[in-house]
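There are 2 protein chains.
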Amino acid sequence: MRLSHKPEPIPPAPFPQGKEGGARGGGRPSLTLPALREGAEERGGWVRGGWVRASGGFVIWLTGLSGAGKTTVAHGLAEALRERGVAKLEVLDGDAVRENLSKGLGFSKEDRDTNVARIAFVAQLLARNEVNVIVAAISPYAEARAAARERIGEGFIEVHVDCALPELIRRDVKGLYARALAGELAHFTGVSDPYEAPESPDIRVSSEAQTVEESVAAIVAFLEATGRL
Amino acid sequence: MRLSHKPEPIPPAPFPQGKEGGARGGGRPSLTLPALREGAEERGGWVRGGWVRASGGFVIWLTGLSGAGKTTVAHGLAEALRERGVAKLEVLDGDAVRENLSKGLGFSKEDRDTNVARIAFVAQLLARNEVNVIVAAISPYAEARAAARERIGEGFIEVHVDCALPELIRRDVKGLYARALAGELAHFTGVSDPYEAPESPDIRVSSEAQTVEESVAAIVAFLEATGRL
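The listed protein sequences derive, respectively, from chains V and G.
In terms of our numbering, the first sequence has 37 at position 37, counting the first letter as 1, and numbering is strictly consecutive.
Adding 229 to a residue's 1-based position in the second sequence gives its number in our numbering.
Read the hints as simulated data drawn from the structure, not as lab findings.
Backbone N, C-alpha and C fix where the C-beta goes; we use that ideal spot for every residue, glycine too.
Treat the hints with caution; some may be incorrect.
[Unchecked claim] The calculated DSBU-like cross-link candidates involving lysine-lysine, where the alpha carbons are at most 35 Å apart (straight line), are: (1) V:K109 x V:K174; (2) V:K88 x G:K403; (3) G:K338 x V:K109; (4) V:K103 x G:K332; (5) G:K317 x G:K332; (6) V:K88 x V:K174; (7) G:K332 x V:K88.
[Claimed, not checked] Label pairs and their calculated CB-CB ranges: (8) G:K403 x V:S200: 38 to 48 Å; (9) V:A186 x G:E437: 32 to 42 Å; (10) G:R400 x V:A225: 49 to 59 Å; (11) G:T440 x V:A221: 54 to 64 Å; (12) G:T440 x V:G104: 35 to 45 Å; (13) G:G456 x V:R170: 56 to 66 Å; (14) G:T440 x V:G85: 43 to 53 Å; (15) V:G85 x G:A316: 16 to 26 Å; (16) G:G412 x V:G104: 21 to 31 Å; (17) V:K174 x G:A325: 54 to 64 Å; (18) G:E372 x V:A96: 19 to 29 Å.
Chain V extracted, bound-state conformation (with noise of 0.2 Å):
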């Protein structure tokens, strides 16, 4: 056994991107020059046009609006995997995460990015053990999550959980949006802070135009398609 006072670099994700990857800037990864690099097989991506399955786990993200049923998605999809088998699986949820990794953290663009890389951090650790997770996070800023995307490598899959604003506000659950209209709410995301919809998510579901089975059905088939499930 050889050992050494100088302490071993972490290893790497699973799924490190290259130069070729195309995520950087918040593009999705391409499809198909993945196939094209070295051990392709061994990672996973797309060979001689089928998905080879990746040896990390998925990283569903559900980015959306407050309210728009991002959480609601999460629980249900979480429901369906199990029920399909899928034993490793963890659900990072907006308010569970504050509270264990970022409280003290505000809304600002610059504490909102750093929650959402915390989210990401957690989640890569996971999914390069083979850990399936969900995050469901309002994560506003596509920058913030193409850096997320970077980081997991091709187990990421964004997912917009649309639901447009007026909708929002006539349901308004928890009253958020008629105090953020009513001005007492500094950094409300879709009121009086910015959420920049993905141009282009892996998958986008609607809480108006689907139900939650729909949603949590349409993930379950992108899953499937791409060779996850």
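Fit chain G to the supplied structure of chain V, relying on the hints for placement.
Frame of chain V, contents of chain G only:
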């Protein structure tokens, strides 16, 4: 193999801490009562005189003063475990964790406790998915370590990486002790900030009395003796 303090490893906390566990405040849990609890076989524990492997991963929690050798032991242990075929293993090293989870936190008791709680949160997520974890963090407060043990449960293994202060001051690889002794560093553990050494760690190793190899071997022996390897 020479051990400086405790020749015999102490069995780990076999179960999540209940009222009878007695682990609050830093004590060790009872080794007898848990075996009587329902479901002991599934969860792992001392049953009919023998340790039953727990289903989760273990969390080796290395605590000790700055420069005592936590990071060196962590990486030596990681290498030894990988050589033994332990595939799922993450090292959560103090500095890397501060960068990724706790940027902005300082070194007040509150901030240190928050940092330790975040590490415990992440270690728990990993361990309950059968990923083994090595934490290297000063974690100077006994209460915060006890809370980590309570959170993580039976997988938690506290290892005190010991080294006497005069020796650390003599080594002073980073020059920090000199600065702290000169009054230039507030909140420097062991000099201008407290370190509550574990009274009854599961394992105690020493970078004064042992080589790195011996420290690693002591931890590996403990893992073997408790059925985790």
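Verification of the hints:
1. V:K109 x V:K174: This hinted pair holds, its Cα atoms lying about 23 Å apart.
2. V:K88 x G:K403: violated (41 Å)
3. G:K338 x V:K109: holds (28 Å)
4. V:K103 x G:K332: holds (12 Å)
5. G:K317 x G:K332: holds (27 Å)
6. V:K88 x V:K174: Satisfied, since the Cα-Cα distance of roughly 32 Å is no more than 35 Å.
7. G:K332 x V:K88: holds (29 Å)
8. G:K403 x V:S200: 38 to 48 Å: holds (47 Å)
9. V:A186 x G:E437: 32 to 42 Å: violated (54 Å)
10. G:R400 x V:A225: 49 to 59 Å: holds (57 Å)
11. G:T440 x V:A221: 54 to 64 Å: holds (56 Å)
12. G:T440 x V:G104: 35 to 45 Å: Holds - the Cβ-Cβ distance for G:T440 and V:G104, about 41 Å, lies within 35 to 45 Å.
13. G:G456 x V:R170: 56 to 66 Å: holds (58 Å)
14. G:T440 x V:G85: 43 to 53 Å: holds (46 Å)
15. V:G85 x G:A316: 16 to 26 Å: Because 21 Å falls inside the window, the suggested range holds.
16. G:G412 x V:G104: 21 to 31 Å: Roughly 29 Å apart at Cβ, these two residues keep to the hinted range, so it holds.
17. V:K174 x G:A325: 54 to 64 Å: violated (37 Å)
18. G:E372 x V:A96: 19 to 29 Å: holds (23 Å)
Checked against the numbered hints given earlier, the structure breaks hints 2, 9, 17 and satisfies all the rest.
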